[in-house]
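**Student:** Next come the chains, spelled out residue by residue.
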Amino acid sequence: MLKLLSTEPVRLLAFLVGIMAFVGLNAAYLVWVERKGAGRFQRRPGPTEVGYAGLLQPIADAIKLLSKQLIVPQGVDAALFRVAPLLMMAPALMSLAVIPFGPSLAARNINVGLLLIFALGSINVMAIMLGGWSSRNKYAIMSAARVVSQNVAYEIPTLLVVITMIMITGTMNLNEIVRQQAGAFWHWNVFRVWVNPLMPVTFLIFFICMLAETNRAPFDMAEAESELVAGAYTEYSSMGFGVFFMAEYANILLGCSLATVLFLGGWQSPFGILPGVLWFLIKMYFLVFAVVWVRWTFPRTQFYGLLNLSWKLLIPVSLFTLILSSAIMKLY
Amino acid sequence: MSEIKPNPEENKPSSVAVSSAKASVPAAVPPGVAQHQANKGNEAPKPPAPAPAQVAPKTPPASASPKPSATPAPPPAPLPNPLAHLAAPFQGVDFKLKGFHADASVGPDQVVSVAEQLDKDGFSLDTITGVDWLAQGQMEVVYDYFHPVRGLRAAVRARIPRDNPELPTISAVFPGANWHERETHDFFGIRFLGHPNLTPFLLPEDADYHPLKKDFKA
Amino acid sequence: MTTQETIVSNLADVPRSNGGGVETFVLNVGPQHPATHGVLRVKMTMDGEYVLRAEPVCGYIHRMHEKMGENRTYAQFLPNTSRIDYLSAMTYTHAWAGVVERAAKIQPPPRAEYVRVITSELNRISSHLVWWGAFLLDLGGFTPLLYAFDDREMILDLLERITGARLTYCYYRIGGLYNDVDEEFIEGTRKFVHHMRPRLKMYRELVTENIIFRKRLIDIGPISQEMCRKYGATGPVIRGSGIPYDVRKAEPYSAYPEFDFEIPHFREGDSMARYLVRMEEMAQSLRIIEQALDKLPSGPVMAEKVPRVLKLPAGDYCYAVEAARGRFMVRIVSDNKEIAYRAKLRTPCLSNLSLFEEASQGMLLPDALALMGSLDLVIPDIDR
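For the protein sequence lines, the chains are B, S and R, in the order given. Numbers given in this note's numbering equal positions in the first sequence, counted from 1, plus 685. Numbers given in this note's numbering equal positions in the second sequence, counted from 1, plus 1. Numbers given in this note's numbering equal positions in the third sequence, counted from 1, plus 1.
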């Protein structure tokens, strides 16, 4: 029996269920965190009614969404319209398979984990674009066009940063990257200025790009509720919208996990107390909180401002860090 | 300063084809005076107050105005006219009593030229509105102007026959007049000739009624 | 914003007709759209994200107040005026009470005039606060709205104490006020003034100096002085274009000549200038309130012998006030009856919006909506 449990298929099944549960719970409770956080930032209590401190609010929301009809408007491309939300959710779930949550807590410990994540990550853009395009709504189509140009613009600095990291660490295996950051917190990649003096900047670029790639404020061009009503999601109701919504949080989760792994030492503990998984979660949720914090503090950027930021600032700077670290590596 | 040509052919019928003798404006009589006398019964100001709707006897003396000389109506001591430098027949009004500084009654064919003069003088269009004088069979169109720098207010009035309410648009002089004229057309059925888009503005797009006409029954 | 300029100037080279090779589409913004703050509809002809032509379509909340003015007595119409611009109801009832007082030659007692100034200015601040929050909402910043409502709540509580209403006040009466203010109101107002000054400073640090916010407003949606004049724009719009036109100074009314205040105006004419005008105006309103509280005379708040049946002498009368959004003017034509022969309401938002079509040409959609937000529209004020 025990032997059966430790076989690879069972292990994968357990991880599959685990990851789906983790993402599902997180998507639900990040909404709660978001609303509670927004409430605190805005000097109001946030949700309080359903359950203790509104803790059951996400469940109530989910039930409400589930009980609604998924309206497929006349004239839309029904197949694409239905597929788009799934296309947004699935890559985030799949990518989490290679994230090492703990020293031995990863669904798959593969050599090209980073590559997998970025390969899957670009499907996201397709999902929003298809959702917007198939909606047959002018606002949705404008939003789809925005999303494509935005994500193309921010894919480049992200990849440049990741290439820098791959060069420095010499591997695409996420577990290996974490292992290299062992020791006190100054061994974390973000503080390893002797490898590349611009390391904190690199981290900042990665964080900004992550915000942009997940379409979070101040880069929420896709949704832009005061301009494009609800952007690509305008025509979605019920769980069609719900899945998009959850996928947004799943993507935030993935982005913050990746930032934790690449820069903040993953499951490495800075003081040696507490198990690694906890440290991973602490770091990741701190980043998630920062994402919420940014959203409720800043207004939305202008669209050309967003592209200018990427093409005129982030890409040159990330290229420079890439060259700088390769030069440093060559010299030493 | 874009200029507009008041179309004389279009204006003529409006001033001639009036059944009421009071309202008809023969070319020889200055329109303002004729109209003023027509509305005296209803709009006569109090004796001490200077008459707003009254035409001052040749207030702008220096101007080479094309208007014919006014018949000598007995005016109660006119106030200093803040717009004496304009050719338009403006007349000073006691601001404390009335809420504006100058007043002019002009013929429907003059509203554009008055608007141009005020435009050159730096005035801005406040609003345009109508008044339906049912008893006299006339419509009055009131143009309110204000001067954003000097703080002056001026009212220009034109009277047109009620059964054929037409007068030229000033939207080429003041683009802001576009909406005010549309609104006046909505409420009174006054047609502004040459208006680029005289469609219902506040009323439904198929509205064929004019609610501020005094004979309007809901 | 050089990028935007180049793009827009490139667009100008393209023929703007449908046959010119540019494929355009019509985007229907409103009547239910988050950025229009009410039932305004704007038909936008778009080339991608660029607005080729934005044509506002009004009348969705038209209630024909002017007709109502012709079938009820002067006192009965007073509550109607506070429903026109519901955010700045005090100033609107002030205009109506003022025009009737002017025609009937009623002089409200000085205490009433002072209290009118205090309440009008409080109302102006609360109106600007709503605008501030809603404008930030247009730009995608949520949090300031609730900060603004926090402060506005204090004003509403104060005004509720003396007027009994929280939004559509009918506090002014022809000849004075409905009732006197009490010590608690005066103390509360003083407290509010002390509370509000640091808040304004905080707003400057939190929002006005935010880089994203500045980039979205500076040089966006410029409105020239000439355009303001041609369209009859007033209020913060004309002051944001550099003309210090304010009815409180240009046509002094009520007790305003007795106070020392400035008219904030900025030459740039962009959305930022209009924003700064309003922010600065709140500070000036606080100044006026403080002076009025210090100098508040005692005495009655209602003029003696205001006739129960009020007949205005024949003639026409105007009265203009500086409402939160600009110049609000009432023109009454009386034929010596107790009901107005004609009541014209000249509202600022109508003129301010009428320049939108020209001003928004060639802008990007988000910029055009930022421009629309900076005009501070209240739709019932346009449609009446």
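Source of the hints: derived by calculation from the structure; they are not laboratory data. Quick caveat, the model's predicted, so the values are computed rather than measured. C-beta atoms are modelled at their ideal positions from N, C-alpha and C, and glycine is treated no differently. Just so you know, not all the hints are guaranteed correct.
Claimed, not checked - Taking lysine-lysine and the BS3-like style, the derived pairs with C-alpha atoms no more than 27 angstroms apart in a straight line are:
hint: 1; chain 1: R; residue 1: Lys106; chain 2: S; residue 2: Lys97
hint: 2; chain 1: R; residue 1: Lys202; chain 2: S; residue 2: Lys97
hint: 3; chain 1: R; residue 1: Lys312; chain 2: R; residue 2: Lys44
As the list claims (entries may be wrong) - Chain B is faced by these chain R residues, among others (derived, beta-carbon under 10 angstroms):
hint: 4; residue: Leu28
hint: 5; residue: Leu146
hint: 6; residue: Tyr148
hint: 7; residue: Leu297
hint: 8; residue: Pro298
hint: 9; residue: Ser299
**Student:** If you test the structure against every hint from before, which numbers come out violated?
**Tutor:** Numbers 2, 3, 7, 8 and 9 - these are the hints that the structure violates, sorted from lowest upward.
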